Each structure stands twice: as C-alpha cells, then as structure tokens.
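**Student:** Residue numbers (the numbering used here): 35 to 196.
It is possible that some hints are incorrect.
Unchecked claim - Computed Cβ-Cβ distance ranges for the label pairs, DEER-style: (1) Ala121 x Thr78: 46 to 54 Å; (2) Gly62 x Leu88: 34 to 42 Å; (3) Thr109 x Leu38: 39 to 47 Å; (4) Asn90 x Arg163: 16 to 24 Å; (5) Ala73 x Arg120: 51 to 59 Å.
Keep in mind that the hints were calculated from the coordinates and are not lab data. Bear in mind that the values here come from a model prediction, so they are computed numbers and not experimental data. Note that the Cβ used here is the ideal one computed from N, Cα and C, for glycine as well.
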Amino acid sequence: MKRLLPAPLLSLASAVLWLLLSASASAGTWLMAAIVGVAVPLLTASLRPDRAKLANPQVLLRLVGVVMVDVLSATMQVAWRVLRSRAHAPRSAFVAIPLDLQDVHGLAALALITTVVPGTVWSELTGDRRSVVLHVFDVANEAAFIEHYKQRYERPLMEIFV
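Can you make the complete structure from the sequences, with help from the hints?
**Tutor:** Printed below as a string of structure tokens:
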C-alpha cells in the first residue's frame with residue numbers, strides 16, 4: 035500500500051482539489067480524481083525531502099505561541115514606525131546571523147518564521163548554511179537583534195529538529 039500511496043495526505047489533497055476544480059460529480063471526474071491522487075505523489079516523490087523527526091513536540095507548541103505573539107507585536111511595531119517615519123526614519127539594515135542550526139527542516143521552519151514576522155525578510159542563506167542574511171526594517175542594536183533571533187527562534191528549532 036505504501037508503494038502505491040507514498041504520501042496519503044498529498045493523494046487525498048490532490049484528489050479533492052481535482053474534484054473542486056472540476057465542479058462535476060460525474061463518474062469520470064471521480065475516476066480522474068483517483069488517478070490524480072495516485073499519480074501526483076508518485077511523480078513528485080523525488081521532490082519531497084526526508085520526513086522530519088520531531089524530538090520535542092512541547093517545544094514546538096511553545097514556539098508556535100512565541101511566533102504568534104511576535105507576529106502581533108511586530109505588526110504593531112512596524113505600523114507605529116511607519117506612521118512615525120517622517121519624524122524618526124527606521125534604521126533598516128542587512129544583518130548577518132551565524133547559524134548553529136543545520137537541519138534542513140529546521141532551516142525551512144526558520145525561513146518561514148522569518149517571513150511571517152513583519153519587519154524581517156529572509157534575504158540569503160550562505161552556501162555552507164552557516165549564516166543567514168536578513169533585512170530588518172528597524173534595528174537599533176545589531177548584536178541584541180542577533181541574540182534575540184537566535185534565542186527566540188533558532189534554539190527552539192534546534193530542540194525540535196535533532
């Protein structure tokens with residue numbers, strides 16, 4: 035069964051998407067949805083990375099909460115800085131952050147977190163994966179920002195993806 039459906043959720047999602055896009059309930063549409071549901075995971079198997087191994091789900095839940103709070107807080111901070119930009123221009127900068135995290139799943143999660151939190155943009159991951167360059171909308175103290183970033187995001191991800 036695993037050889038026919040290597041990614042059951044992807045199979046289900048592909049089949050459902052086919053049904054929704056077709057907007058038909060005919061037998062042919064259902065047959066084609068089943069074919070798409072089986073074919074898509076088989077054809078894209080080489081594109082999917084190895085499965086992630088989560089070492090500490092409790093840290094994951096705590097990290098999700100931290101990110102939610104940071105998104106709300108950063109949204110307000112960026113809005114405030116934009117509204118006050120005539121009086122006090124934001125101190126934008128590219129910040130290079132050395133990384134201890136090497137797991138590909140952890141790096142992907144770190145990129146996602148960076149993208150979701152307003153005021154930061156993931157600009158570059160160096161070829162050796164030893165550092166990331168972020169564009170930060172407003173950074174007063176680069177060293178403090180780096181420590182904050184590593185403490186809030188990188189360290190929990192290192193506990194989650196071992």
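**Student:** Checking each numbered hint in turn, tell me which of them this model violates, lowest number first.
**Tutor:** Structure breaks no hint.
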